[in-house]
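Peer 1: Sequence:
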Amino acid sequence: MTRSSTRKGTSRRVTVARSVHLSGGGGDSQGPRFFGGPISRTLGLTALAAERERAKERLRMIEKSLGVESRKDLADLRREEHPDTDGQMLDDLTLQNDDGDDNWEDDPEAGEEAVALAIRDLLGTRTSRSYRDGRSWRKRLQNFDANWKVVLPDICKAYLQWRYGTPAPKDPEILPATEEFEVLDIYSTATTATITRYGSLAEDLVLNGYLGTAPLHPSLAISFKTLELFRLIRSFKASFSTEAFTKLLCYVYYLTGSWQIPYRRFYRKAIADSFDIYLIILRDVRAQVMKALGRDSPDWRPKNACPACANKLLGEEPATFDRMVVMDGNSSLKRVLASGGRATADLRVFEDDYFLPRDFVDSFANEVKSRQLPRKPDLADNPHDEEPGQQSDDDEVRDGDEEGDPTDGAEILGSCASNWKAAAADEKKRMWSIYEESGIFASACRHGLILWIADMVRSGELAKYGIAMTAKTTRVLKGKNMHGYDIGCEFLFTIYRSSIGEEFRESGSRFCVNSFHGYSHSYKCQVKYHPNRIVGMGLEDLETMERIFSASNQLASVTRYASPYRRRMLIALYFEHWDDEKYANLGQMMYNNYRQALDIIKEKTPVVQEALQALSLTQEDIDRFEAEEAEYFSNLRDEDPEDLRDVLYVEALRELREASEELKDTSARYYDRAARSAEAADAAKAGVTFLTPTSGPTSYDDDLSATRKLETRRRYLRDRVDRLSADVTEIEVRLGIDKRWEPTDEKYTSATKYIATRTYQRALGRLQRLVIQRLFELHKMNLAQTGYKARTYIAKNLQRRCKAIRAAVKAYNAAARALDPPRETIDWTTASHYNFIEEFHLLADTRNDLREKPWATPAVREVMRLSQRIARAHEEIKHVHRDLRRIHTWVRDEEELFNAVLDDLKGTNPALHGAVFDYWRRRRVNNARNMAYIRATYELPDFSGERGPGTRDGPSLLPPHLQSREPAAVSSVDMDTSTMVGDDENNDALFGDDDEADDEMSSLIEYVQNVML
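With the first letter of the sequence shown counted as 1, position 960 gets the number 960 in UniProt numbering; the numbers rise by one all the way through.
Since the hints were made in silico from the structure, they are not lab data. Warning: the hint list may mix true and false statements.
[As the list claims (entries may be wrong)] Computed list of lysine-lysine pairs in DSS-like fashion (alpha-carbon distance at most 27 Å, straight line): (1) Lys-291 to Lys-157; (2) Lys-528 to Lys-878; (3) Lys-225 to Lys-237; (4) Lys-709 to Lys-664; (5) Lys-369 to Lys-303; (6) Lys-528 to Lys-472; (7) Lys-269 to Lys-225; (8) Lys-303 to Lys-478; (9) Lys-303 to Lys-472; (10) Lys-139 to Lys-303; (11) Lys-478 to Lys-878; (12) Lys-528 to Lys-853; (13) Lys-225 to Lys-247; (14) Lys-225 to Lys-291.
Remember, it's a predicted structure, so these values are computed and weren't measured experimentally.
Assemble the whole structure, with the sequences as input and the hints as a guide.
Peer 2: Dropping the structure here:
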């Protein structure tokens, strides 16, 4: 190590790596040979300046010894214009000296090592110096992103030219150059590719089918075909990670023998960065396609993506609700917050019309304040629960949880809200503090196409997310809409009390609960808010979000530790593909719904008619019973305040009487023991000897301890009687009671009966909560993507819950027998079925005798439900008639749109013409599939609707500059679709139900409905 003058606070030393060599000394060695790794020497400024001068001299000597051709080759390697230029070779060796210190010391020559260094410098290779980079990782990413933004416009144009255009004419005066570049291509497994150079390296790579991993000086390029394969895999398997694809790519290279490269993080990062840019390019191309089609207006996608909802026709029968919208929250797509308070390095913001801006969502924050859950009877002890009063550190409540949840806006907290708040044993409305985004809150139309998504930030399912989603729907989609939400019965009042309440009322929109979740609500709620009870709903179950989340949960493994930008990017990529698939399945959904409605009408109508004859009833009677039932439950109220005051007074009297009786008994035993002790003491003084007790020997210490315990208990009871007497006196003064009630008084007797009723109702309420929790746990057991451990845990909880239900049934039966007159008891078989949930409100009403009401009998209630189901099936028939013609008209008009746009672009923009045609080619296959199902529905024997398309009630789909043209004849919409969807004579393959998530949820709901019926 050489010495050099230094100054405090300034680094003036540079470490230079040199290779150690051995001179040939015998054996089979030929000349010098190198071994081992480099050694480091630290040079000061003086020594470094001397090293620089020696390097200059060596370079000059070596260049002089080269021939003309060699010097030209050397210039080509350096990409220099003049072979004699040597100034740029030493740029990297220049070091700034702030103080101008020229003191230096020479370092001895290293012999042949100096020649090796000179050759290395001659080829433009940098020395292995260890510089200290002061830039942060965030700054590097910012510079990286800024450099990409500069070249992205040219890259997008080049991609369109490469993918869809023809090679542009080149200037004949400019001779193209070629360059070998390191690439990755899973199809050819080539390690290098010859790139034709005309302009910038990034643009030339794109024109040759590759995307560089860096914007300015990439060292590696990845083929677009490889990136497209990764995008397709991710579209169909959302959990497929970048690391898995990179390992697959390396393994393919290994199998082909092209290049045995092991997996390294460098390749994963290169593919991840390139994939981000590739998606930006595709989004830019898609934006140009949508602009050419006239679909670039704000909110065009949520307004028009679903033709069954949006494409209204002239002369069609108006629907009860303009749209049916579903919304719900999901906590699977969390993102872990950076540990240790570190800031996120990736500051890019992903903008997309799927996501609601955070500031828009936060504008509805604090409109509803949090309300504490009322105390309920405790459930059976859970050995997995923490001790009461303890809170896990992971369950820290964030500041955002001070806001209210969707049920806190109601003036009176109903039983549905209480059940919703307490449904999850692990307090699912709280969120762990390790997550920045704790999930998503999404909305969709009833056909499954996504409307909007909002990130739930450091919170559970707060009211602001639902309010923001409702506000967006009301302002953008407009009209009279039905909103389905699992707690819609309570959330409706939250909306009314929010800032959008008046706007929502004026629109005529409503809220209801979902079919499956609705069966866990009280029957009082179901009468008004369940889809099966609402006129105009058809057979829609509104469980669309459950199907969506069941599939999107696959994203959780790749978004949990992603940056905010990549998390949103992956979510948007997934739901774009989801919407494409749902659009392609619209015809199938209409076909299946129509057949389902026909089956219900055929099967249930004869049953209802036979039941009406057997019960000597008519359909008008059933309609009247439904109205009476609705009126009864609308007037059903909670306990009378006067009854509660009487109960409070009688319970205080009972407690005082029990304490007084215990005080008398304790005092009697105390005085008796004290008297015996006194007699024993007097006898001892008189010298009297007692015989041994027949009951056994006694101990003076034990007797003394028992006496003291009695004395302590007597003092405690005496104080308690005094306090209770004061409480009773205070109650009597407040209630204006002149004479204390006796057990024989009429009011006392009535209050005693009412107390027995309250005991009965508490036992019933406990049983109700246990059954509802069992329902939710069974629902979780049937969800797709539920892991084995989760299923095992839920199964054990179900076993424990069933035991608790058995114990609750016994307690209920005991309370039912204590009533006057006694209530009918139940058994385990009755309580374990879903249809028992609807009976809770009937059982809880002990003030009105419902046994005489016709609609309260089981037979009539079953006929009422069957009748409602048939009515909804007839409504579904009308819905399908309307939606079929809307889709048919959309397909026809879209065919006209694409033909006009393609004709317009053919001569003006060939590259964009190719992109639009590629989009239309995929869209046309989906339209052909929909048309196949539409025709199959038309051909059903019992089809009673109008066949054929209609006329759109609204502006033309054509862009404004093409609307003046004559419409082209569109006949392809009615052509044979077998060329697109496959020719199957029996249509078995085409009309098979291949939507597993939809089939799973539908079968679950159908099972519950059958049990209920």
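Peer 1: All hints, please: hold or fail.
Peer 2: Results for each hint:
For the hint linking Lys-291 to Lys-157, the alpha-carbon distance of about 16 Å falls within 27 Å, and the restraint holds. With a C-alpha separation of about 23 Å, the suggested pairing of Lys-528 with Lys-878 holds against the 27 Å cut-off. The suggested pairing of Lys-225 with Lys-237 holds, with an alpha-carbon distance near 18 Å, which does not exceed 27 Å. Proximity of Lys-709 to Lys-664 is assessed by CA-CA distance (about 15 Å); at most 27 Å being required, the pair is judged to hold.
At most 27 Å may separate the alpha-carbon atoms for a hinted pair to count; Lys-369 and Lys-303 exceed this at roughly 32 Å. A hinted pair counts as satisfied when its Cα atoms are at most 27 Å apart, and Lys-528 with Lys-472 qualifies at roughly 25 Å. Pair hint Lys-269 plus Lys-225 holds up; C-alpha atoms about 18 Å apart against a cutoff of 27 Å. For the hint pairing Lys-303 with Lys-478, the CA-to-CA distance comes to about 10 Å; that is within 27 Å, so the pair holds.
A hinted pair counts as satisfied when its Cα atoms are at most 27 Å apart, and Lys-303 with Lys-472 qualifies at roughly 11 Å. A C-alpha spacing of about 40 Å is found between Lys-139 and Lys-303, which places the hinted pair above 27 Å, so the restraint is violated. In summary, the hint linking Lys-478 to Lys-878 is supported, as the alpha carbons are separated by about 22 Å, within the 27 Å threshold. For the hint pairing Lys-528 with Lys-853, the CA-to-CA distance comes to about 20 Å; that is within 27 Å, so the pair holds.
With a C-alpha separation of about 17 Å, the suggested pairing of Lys-225 with Lys-247 holds against the 27 Å cut-off. Under the criterion of a C-alpha separation no larger than 27 Å, the hint pairing Lys-225 with Lys-291 is consistent with the structure, at around 26 Å.
Hint check: violations occur at hints 5, 10; the rest are consistent with the structure.
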